[in-house]
Amino acid sequence: MRRSTAFGTAALLITLASSPASALEGSLTIVTSYPPDTTTTFEEAFEKKYPGVNVEMLKKKTSAGIKYLQETAGNNKADMFWASAPDAFEVLKSDNLLQKYSVKVGGIPEKVGAFPINDPDGYYKGFAASGYGIMWNTRYMKAKDLPAPKEWSDLKKAVYFGHTGMSAPSRSGTTHLTVETLLQGLGWEKGWAEWKAIAGNFKTVTERSFGVPDGVNSGAFGAGIVIDFFGLSSQASGFPVEFAYPTVTTLVPANIAIVKNAPNQEAAAAFIEFLLSTEGQELLLDPKIRRLPVNPATYAKAPADFPNPFKDKSIGAAVKFDLDLSKSRYNVINSLFDVMITYRLDDLVAATKAIQKAEAKLAGNNNAEAAKLIAEAHALVNAVPVTAAQASEKDFNKIFKKKRKKADTKVTGRQAEIEREWDTVTKANYEKAKELAEKAVSLL
Amino acid sequence: MALPLSSVQRGPAAAGVLITLFLLLFLVVPVAKVVFVAFQDPNTGAFTLINFADFFRNSLFQESFFNSFYVSAMSVLLSTIIAMPLAYFTTRFNFGGAILIQTLGVIPLIMPPFVGAVAMQLLFGANGSVNLLLDEHLGITIPFMRGLNGVILVESIHYFPFILINLSAALNNIDRAMEESAQNLGASGLRLFRRIVFPLSMPGYVAGAALVFIKVFDDLGTPLLLNVNNMLAPQAYLRVSSIGISDPMGYVISVILVGFSLLSLWVSLLALKNKDYATVQKGGGGLMRRDLRTWEKVGCYAVVIVILLFVLSPHFGLALLSFGTVWSYAVLPDAYTFDHYREVFGSASQYISNTLLYAGIAALLDVILATGIAYIVWRTKLIGRKWLDYVASAALAVPGVVLGIGYLRTYHSFDIPIIDEPLASWWVIIVIAMTIRRLPYALRACVAAIQQVSVMLEEAAENLGATKGRTVWRIVIPLMSGGILAGFVTSFATASVELSATIMLVAKNSDAPLAFGIYEFMQSAAGRGPGAALGIIAVLFVGIGTYISHVIIERSNKAREQSTNVAEGAAQ
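Chains as they are written, first to last, in the working numbering: chain A, 1 to 444; chain B, 445 to 1016.
In isolation and in its complexed conformation, chain A is listed as follows (with noise of 0.2 angstroms):
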C-alpha cells in the first residue's frame, strides 16, 4: 500500500516536473545545413516529446545560413542556428546575431581532443565532434590496385594521381578546418607544399562538401579528404567504403545556437536540452547520421568499430588547434586555395604529372643535373606568395573581410587585384615547373 502510495507519488511528481515542458507550445523556425537524415530524426523525436511544438527546419548551406540570418536581422523569425563549422558561429556571434544560454543538462564533458565543446562566451553549444580524414571506395581501389590511403602523406604518392578528390575550403566550412590544420600540423611552408602535392593528385576540386563522399560512394574518384561522419554515414547506408583519421587531424565541436530576438525562446531552449539529453545524444548514433556523440556515456550503445574520442586518445591529439590563429587568416587562407589550387588545377596537375614521371625516371638512375631540376621544379610548385606573418596581419586581412563594417573605413587593396598578382605567379610558376621536369626527363 505505502509502495503504491510512494509510487503514485513518484508518478505525480514526474508529471508535474515534466508538465510545464511538454505543455510548450507554438512552433520553432532551426536553420540547419544538415541534410533530412539528420533533421527529421531529430524533428519527429522532439515534437513527440513536446507534441505541442511544431518544428520547421530550414535547409541552408553554412554561408548561405549565414547570409540569410544577416540579411534577415531586421525582422528576424528564425529561432536557432544548426551546424557543423565553429566559425560559422564566430561569424554570427561576432556580427552580434546569437543569444547567450546556459545548460541544464549534465555530463558533458568541458572538451573533446583539445577543443573546448561549448562556446567560453556561451553563445553557442556544442552538441557532436567532427574529425577530419579520408574515405574511399574499395571497389574503385581494388579494381584500379590501390592501397587504401592512411595518412595525408599517403595520399601525395603517385599511385594516386588522378584518383582523389576534395571540396575548397572557401566552399565547405569543414573542409576550410581540414587545410588550416594541416597548415597548423606541418607549419605554414610545408603545410602548403603538403597540400600543393595532395592537390597535384586531385582528379576534381568539388563544388558542394557533399560532392566529395559522392563521387567516392559512386566510384567517380577513388578517396576523397572529408568529415568523419560522410565516410561513417555512407558506410552505414551500404556504400563500399572504409573512413580512416590520420594522424595530423584535429576535432572539433559541430554546434547549435538561439539566435538573437527568437520568437520562440522557450522552445529553442527546450531543442538545445534535447539535443543533449541521453536520448538525444544516443539519435546521433543512427545509422543514416553517425556523429560522435560529446557525451562519453553514449559510446556505451555505439557499434564496434565506431571511433571513440574520449577513449582513444590518439583521434585529434596531434595538433592543438588554434583558433586564434585560424580566425585571423581565415579568408587569406581560402583566397590562396582557390588561386593555387581549385582554380589553377588543371597547370598544377599538368606540373604534377611531368614531376612524377621524372622522378619515376630518375629512380636508381644517378643523374645529379636531373635530381636538381626535378627539385627546382618541386620548389616552383611549392612557392607561396604570402608569408605566414604577412597573411596573419590586420591591415592585410581587411582587404579579404566579408565586410566594410563602416562607411568610413578605409582599406587600401583590391582583392581582385592581388589576386590577380598571385594567379600570374601560380600560372607562370607551374608552367615553368613543368618545362624544368620536361627538362629532367629528356637528360634521363
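Bear in mind the hints are in silico, worked out from the structure with no lab data behind them. There may be inaccurate statements among the hints.
Stretch by stretch, here's where chain B covers chain A in the computed footprint (C-beta under 8 angstroms, at least three residues) [as the list claims (entries may be wrong)]:
| no. | segment |
| --- | --- |
| 1 | 136-144 |
| 2 | 414-422 |
Short derived list, chain A residues pointing at chain B, Cβ under 7 angstroms [what the hints assert, rightly or not]:
| no. | residue |
| --- | --- |
| 3 | 35 |
| 4 | 36 |
| 5 | 54 |
| 6 | 57 |
| 7 | 71 |
| 8 | 75 |
| 9 | 204 |
| 10 | 217 |
| 11 | 219 |
| 12 | 220 |
Yeah, the Cβ is synthetic: ideal placement off N, Cα and C, and Gly gets one too.
Since the structure of chain A is already known, use the hints to place chain B on it.
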C-alpha cells in the same frame, strides 16, 4: 495622362504601365540593389569603374569569358543537330506518335538539378557504366564528362528542347501554300527545305537558338556539378556565395552576363530585321504532311529513336538510381527496391502540390505578361516599347542567386498588411521569382508567334468593324496560341525544377517546392535513392502535363482545320 494617345492605344498603354511596374518592382529594383555593388569601390564605397578594369585584366576571368562563349556556341550547334530532325520529321510527315516524340523531346528540360548530373556521372562519367563496359571489352575509355566537353554535352541534352519547341511551332505555322507553290515550281527534298521551309521557320529557330545560347552562357548548375569553374557564371556564383558582399567581382561578372545576353538578343533581332515572316493565309494549318514510304519510315524512326535514347539517357540513369539499392563503381546497381519511393511518398505530396501550384501560377503569369509585351512591342507605337522587351529578356541573364539576394534585401522589411509576414518570406515571392526567371522563355515564344501573324489579318478584322480589343481577343491570340502554349510549357516545365533563386527564398519547409526537396535529399549518402525517386516523380508530373497540353493544342488545331474545311466547302 497628358500623353497624346489615340483611343486605340489607351488599352495597350495601360497594360504597358502595369507590366512596367511589375518589372520595376520585381526585377529592376532588386537587381539594381545588387548590381550597384559592381560600381562601388570596395574600400571607400564611392562610385568607380575600377572593378571592371580588374575583371578585364585578370587572366582567369579572360579565360572564363572565352570558355563561356565557346561552350555556348558549341552547345547551340549540338542542340541544333539534335533538335532539327525531331522537329522536321514530326511536323513534315504523317508520323505515328508525333505527339509522344514532341513530349519526350521536352522531357530533358525538366531534369531536376543535382540528380541529373549524378545520373549522368553514373552513366557517362570516367567510371560510369559506359566507360566501365568500354574498358572491359575494348580497353578504352572516353572522357564524355571531362571539362568543357562535358559541359557542352550536358547543356545540349538539357537545352535542345528550346530549339525543338520553337522550331516546331514555327514549322506548324508555315502556310502549306508556300510549300505547294515551291513544289509546283519544281523544288523538292533538301532544296525545298533549304530555300523555303527553313527560311520561313527562321523566327522560331532563332528564338530557340538565342535561348539556348543565353541559357548556356549563364547556366550555373551544370558547370558547377561537373566541377568546371573556369567559366563566367560559376565564377560569379562562387565569388558571391563564398567571398561575400564586400568583394565586387561576383557582381561585376553578373553585370557582364546581363550585358552580354542583351547583346546576343540584339544580334538575334538584327538577324531577323527587315524580313517578313508572316503569312496571310491561315487556317490551312502548318506544313503539308506527307506520307512516308516504308523504308523512309524505318529510317526516320531509327534516327528519332537513337536521338531520344541519347537525350533521355540521364532519365534512364535517374530511374535506375531511384530503384537501385547501392550503385557504386558498377555498370548497374547491386539490387533493386521500391523502398525509396515508399520513403518519399509521405513527404513528397506536399512538395508536388507546392510545385504544381507555384509553377502553374508562374507560367500563367508568364504567358499573360509575354503576350502583352509581344503585342505592345510589335503592334503599337508606344514610346519605349522596345525597352519592355529588353528588360524582360534581361531577366534571363540574372543569376538566380542574385535575384534571391535582391528580393531578400528589398522586401524583407516589407510586411504584407493582412497576413503580417515579410513579403520576402511569403510563398508568393517564390512564385514571383519563378515568373521573372521564366518570363524570357514565354516572351521569345510569344514574340516568334506574333511575328508570324500578319498585321493584314488584324486590319481586315478591323475593317469589318471589330474593335481593337475584339481583334486581339478573337484574331491575334488564337493565331498565337501555338506560341503561347510553347511559352507556357517551357515556363512551367523549367519553373518546376527551378532551384537557384528559390533556394534563397524558401522560408519554411512546408512551402518548399520539389527541386528544393530533391536538393535536400541529395546532400546525404542515404538520401541519394529517395532524391532520385523524387526526381522521377517530378519528371513524370511535368511530362504528363506537357503531353496533355500538346494533345489539347493538337485537338484545337484539328477542330479549326475542320471548321475551315467546312467553310470552304460551303463557299463552293
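Status of the hints after comparison with the structure:
Check result for the segment 136-144 of chain A against chain B: holds, 4 residues qualifying (beta carbon to beta carbon below 8 angstroms, three or more required). Against chain B, the segment 414-422 of chain A contributes 6 residues with a C-beta closer than 8 angstroms to a partner C-beta. That satisfies the three-residue criterion, and the hint holds. Below 7 angstroms, beta-carbon pairs count as interface contacts, and residue 35(A) has one with chain B at about 3 angstroms; its hint therefore holds. Hint status for residue 36(A): holds, given a least beta-carbon distance of 5 angstroms to chain B, under 7 angstroms.
Using the Cβ-Cβ criterion of 7 angstroms, the hint placing residue 54(A) at the interface with chain B is not satisfied: the shortest such distance is roughly 9 angstroms. At about 6 angstroms, the closest approach between the beta carbon of residue 57(A) and any beta carbon in chain B falls short of 7 angstroms, and the interface hint on this residue holds. With 7 angstroms as the threshold, the beta carbon of residue 71(A) comes within range of chain B, its nearest partner Cβ sitting at about 5 angstroms, so the hint holds. Below 7 angstroms, beta-carbon pairs count as interface contacts, and residue 75(A) has one with chain B at about 5 angstroms; its hint therefore holds.
About 5 angstroms separates the beta-carbon of residue 204(A) from the nearest beta-carbon of chain B, less than 7 angstroms, and the hint is met. Evaluation of the residue 217(A) hint against chain B yields a held restraint, the C-beta minimum of about 6 angstroms falling below 7 angstroms. Interface hint status for residue 219(A): upheld, as the beta-carbon distance to the closest one in chain B is roughly 3 angstroms, under 7 angstroms. Residue-level restraint check for residue 220(A) holds (minimum Cβ-Cβ distance to chain B is 5 angstroms; threshold 7 angstroms).
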